[in-house]
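Colleague: Below are the chains, spelled out letter by letter.
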Amino acid sequence: MALRTDRKNWLLACTFLLIALGLGLGVGPTDHPDWALIREFRLPRTLLALGVGAGLAVAGTALQALFSNPLCEPYTLGISSGAALGAVLLSGTTFALHWGGLAIPGFAGALGFAALLLGVSYRTGSRGGALLLSGVMLSLVGSSLVALWMAIADPSGVQSAVFWLMGDLSRARLEGAALTLVLVAAVGLALMVQSRKLDALLLGEEAAQSLGVDPNSLRRQVVFYVSILVGACVSAAGMIGFVGLVVPHFVRRFSGSLHARLIPLSAVWGALVLLIADVVARKIVAPSELPAGVVTALVGAPCFIWILAGRSGREGRAG
Amino acid sequence: MSEATKNSRAVTLASLQDVGLMRGSCAAIQGVSIELFSGKILAVLGPNGSGKSSLLRRLAGLESRSQGLGCFSFSGEAEVTDLPVAQRARRVAHVASESAVDFPVSVLDGVALGAYSRNLTSQEAELAANRALESLGLSSLAARDLGTLSGGQMQAVALARAAVQDAQVLLLDEALSKMDVDRQQEVAAWLRNWVRSGNRSVVWVSHDLNLAAAHADRALLLHRGGMVAEGEVSATLTEKNLAVLYPRGRFELERTGPEARPQIRFHRD
Chain A
4 MALRTDRKNW LLACTFLLIA LGLGLGVGPT DHPDWALIRE FRLPRTLLAL GVGAGLAVAG
64 TALQALFSNP LCEPYTLGIS SGAALGAVLL SGTTFALHWG GLAIPGFAGA LGFAALLLGV
124 SYRTGSRGGA LLLSGVMLSL VGSSLVALWM AIADPSGVQS AVFWLMGDLS RARLEGAALT
184 LVLVAAVGLA LMVQSRKLDA LLLGEEAAQS LGVDPNSLRR QVVFYVSILV GACVSAAGMI
244 GFVGLVVPHF VRRFSGSLHA RLIPLSAVWG ALVLLIADVV ARKIVAPSEL PAGVVTALVG
304 APCFIWILAG RSGREGRAG
Chain B
3 MSEATKNSRA VTLASLQDVG LMRGSCAAIQ GVSIELFSGK ILAVLGPNGS GKSSLLRRLA
63 GLESRSQGLG CFSFSGEAEV TDLPVAQRAR RVAHVASESA VDFPVSVLDG VALGAYSRNL
123 TSQEAELAAN RALESLGLSS LAARDLGTLS GGQMQAVALA RAAVQDAQVL LLDEALSKMD
183 VDRQQEVAAW LRNWVRSGNR SVVWVSHDLN LAAAHADRAL LLHRGGMVAE GEVSATLTEK
243 NLAVLYPRGR FELERTGPEA RPQIRFHRD
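Heads up: the protein sequence lines correspond to chains A and B, in order. Heads up, the first sequence is in the numbering used here, so the first residue is 4 and it goes up one at a time. Heads up, the second sequence is in the numbering used here, so the first residue is 3 and it goes up one at a time.
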């Protein structure tokens with residue numbers, strides 16, 4: 004029975020992915036584009052949306068298991084803003100000449116912020132609100148430093164700060180998109196190898212330890228992997244929020260929480276959700292465009308509150 | 003053959019030598035030297051704060067090595083806390099009060115997670131989980147979400163997970179406390195059956211003196227972080243020993259059956 008449900012889930016995800024791909028390549032300022040236009044602009048943008056969407060969804064899935072908290076994701080925990088800060092600090096240097104170079108400072112920034120959060124979680128515990136609030140504060144600090152640095156580096160820099168802070172796929176280049184996809188696929192597979200350990204962590208840290216999982220070593224590995232994902236995604240497309248929150252939450256509803264199923268399905272749904280969000284962002288205020296992060300935030304933030312309210316309600320009743 | 007003769011042939015599975023646990027600079031429990039026998043249930047009894055849970059956490063390897071005192075080891079092996087986490091999970095399983103799971107996990111999947119330290123395929127783990135649920139009469143819950151269970155059901159599911167883990171020593175911290183009386187008897191009988199069907203041992207922390215007296219083989223009495231007595235249930239649960247544990251109470255014991263298991267009535271003056 005599980006197999007049949009799996010097949011149905013995959014069929015559904017792939018159908019939607021194909022539709023999203025059609026929209027991603029077909030929708031834009033001109034409705035009758037030539038092949039050159041598609042190859043030059045829409046193909047890289049579509050591929051980047053797939054890579055970043057998948058990467059953020061997988062990162063969100065892993066962070067939620069890591070902290071046993073369904074409200075965790077790279078954006079709300081400030082890990083994205085760490086990555087943006089890392090990338091921005093080096094964007095004026097020779098790194099900027101080669102796009103791929105920004106993924107490394109992005110990774111370093113994400114790793115720094117994620118390690119800080121891990122430290123906080125040891126003191127406050129991870130299930131309650133303290134970790135999330137610390138993440139929001141980290142996010143504010145990171146974003147403010149990004150804006151500050153952009154203003155110092157270049158008087159008109161505040162404009163391009165919007166790229167980092169709101170997330171934007173319009174600068175996509177084919178090599179960059181390809182690199183993001185490759186990194187996301189590799190790290191996604193590495194996380195799937197750990198899927199049974201992540202499953203055990205859902206029961207809580209001590210229960211996992213009693214079952215034979217070393218939670219500390221697992222946490223370090225997951226933080227490392229998530230930082231690679233977030234570094235790659237943010238340095239290519241800026242900070243796009245809530246994909247990592249909403250997608251795993253939605254996919255769990257029909258796939259359950261076991262990570263061998265959840266991680267690949269979240270990747271596909273994340274990819275297609277961000278692609279559709281970007282198509283909406285291209286069209287909604289035509290002839291100009293919105294950053295994709297604006298669309299994901301407008302949909303995602305209410306979802307965050309909805310999940311939070313449901314959780315507090317349950318805790319209230321239990322206590 | 004009487005139960006007493008069988009007891010005398012018990013095989014030692016693991017031993018505790020002067021085991022204890024520091025909490026900061028004072029000892030929450032110390033000086034526990036006993037043996038865990040194959041096929042036996044050891045009840046750990048004592049008032050609040052006597053160190054029962056601390057002892058269990060020490061044995062489960064959940065406390066840092068630097069806080070642990072003495073040595074808890076299986077024959078021919080190193081201290082359990084020093085074993086690699088995966089190997090430790092083959093030796094001891096710890097069932098504590100379950101905390102809520104924030105994600106949708108079915109009971110069957112949650113129980114199958116117990117197989118983590120065993121080299122089972124996911125089908126084998128699922129089969130083991132189904133068997134464990136069936137043996138505890140929980141098959142009807144298999145498809146339910148863990149988050150929808152009652153406290154007692156959650157405890158029974160945690161026991162099923164421990165059965166799938168199939169470690170040699172099962173450490174139970176108040177693991178039957180939220181079940182109704184009928185279910186407690188049923189699960190305690192399951193536990194007796196389970197411990198005798200393999201090379202296993204159970205250490206069972208409980209506040210229910212009569213439940214422990216009816217189902218445990220041996221008892222360890224703790225008071226203020228120290229050992230008061232340890233031995234056969236019938237020899238250990240005496241008015242004198244219980245008066246040490248609960249000095250403000252008065253006990254009446256009635257011994258029944260061939261094993262002279264005591265029935266305990268407690269009066270508060």
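I should point out that these hints are in silico values taken from the structure, not numbers from a laboratory. Glycine included, each C-beta is placed from N, C-alpha and C at the ideal position. Honestly, I wouldn't trust all of these hints.
Only part of the chain B face toward chain A is listed, based on derived beta-carbon distances under 10 Å [what the hints assert, rightly or not]: (1) R67; (2) A95; (3) S108; (4) A117; (5) E126; (6) R163; (7) G200.
Colleague: Against which earlier hints does the structure fall short, listed by number upward?
Modeller: 1, 5, 7
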